[in-house]
Amino acid sequence: MKIIKSLLIAGSLLLGSAHAAPGDFLVSTDWLEKNINNPKLRLIEVSVNPGVFERAHIPGAVNFEWHTDLVDTVRRDIASQQNFEKLLRNAGINNDSTVVLYGDTNNWFAAWGAWVFDIYGVKDVKLLDGGRKKWETENRPLVAVTKTPAAGNIKISAANPALRARLSDVVASAEKKSNVALVDIRSADEYSGKVFAPAGVQELAIRAGHIPGAANVPWGQAVAADGTFKSVDELKKIYAAAGIDGSKPIITYCRIGERSSHTWFALKKLLGYDVRNYDGSWTEYGNAVGVPVVNLAGTVWGGK
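Under mature numbering (1 follows the signal peptide of the UniProt record, and there is no 0), residues -20 to -1, 1 to 284 are what the sequence shown spells out, in order.
Careful, some of the hints might be misleading.
Straight-line alpha carbon distances no greater than 20 Å define the calculated SDA-like cross-link-like pairs of lysine to any residue that follow [what the hints assert, rightly or not]:
| # | residue 1 | residue 2 |
| --- | --- | --- |
| 1 | Lys113 | Pro30 |
| 2 | Lys228 | Gly193 |
| 3 | Lys135 | Glu65 |
| 4 | Lys228 | Val212 |
| 5 | Lys114 | Asn29 |
| 6 | Lys20 | Gly40 |
Derived from the structure by calculation, the hints contain no laboratory data.
Every value quoted in this text rests on a predicted model; they were computed, and no experiment measured them.
Throw the hints in and build the complete structure from the sequences for me.
What follows is the structure, given as structure tokens:
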């Protein structure tokens, strides 16, 4: 029975299943190495550190630059439907492809990629659990040569605005005009207003602190030491302890939307909650005029 169950779980990764489960949205490093030559598999790396992909990557992977490929380079927005569809086709993605995303920094930007895929209605998209770091730590194969895949035929839907939170949505929650749970996934120091941005990162907001009513659950609480997501039961307990139990819609945010994409993935894909990602995040909210802010540390921009 155990053998049959394992085969059914593995098979569902490519065939899909009627009920969502972690296996529908995550693949292990072991599974990926065994299935890497599957012709229906398309592997996409979305890393943030320069030169990482070029130095070496998982065989068969195509590189997506998050700051040029997944966003509009003129407006602050995600990539347009036309540009995103062209990007996917150039990556060899077909309508029946299984897409596996992975990247550095614990899959932050790979999760951002998964969020954009979701907005455009792309099916059968998964994250490599543990990302690039776990693959490298386990000494699995890497190559420096990139092969250009044959063009794909995927057709994507128009962007679904219901999957994305805007400034007006979080302001409504802050002013208690909507019944939405806000989850700030930044560090405790960012949340309290002690710092404007993570160490070593240029500040991009005039105000420090957090959105009123937001619960602070740093993104790292969702992962184990090896970067893989914790179990569903563990995740439920972690978020429930902060009052996030899926009983009402949730909005995640961070500084620029990438770390909150990681938590969006955990809450929506693994726990099945109703979740939107606020990609404007603190760089928009912390610069907006007339919005309420909670600054527990009392840090003032430009102060000494």
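Tested hints:
Taking the CA atoms of Lys113 and Pro30, the gap is near 15 Å; set against the 20 Å cutoff, the hint holds. Note on Lys228 and Gly193: the hinted pairing holds, with a Cα-Cα distance of about 14 Å set against a maximum of 20 Å. Between Lys135 and Glu65, the direct Cα distance comes to roughly 7 Å. Compliance with the 20 Å bound is thereby established for this hinted pair. As the CA atoms of Lys228 and Val212 are separated by approximately 18 Å, the hinted pair is consistent with the 20 Å bound.
At most 20 Å may separate the alpha-carbon atoms for a hinted pair to count; Lys114 and Asn29 meet this at roughly 16 Å. Simply put, Lys20 and Gly40 have alpha-carbon atoms about 12 Å apart, close enough for the 20 Å limit, and the pair holds.
Of the numbered hints listed earlier, not one is contradicted by the structure.
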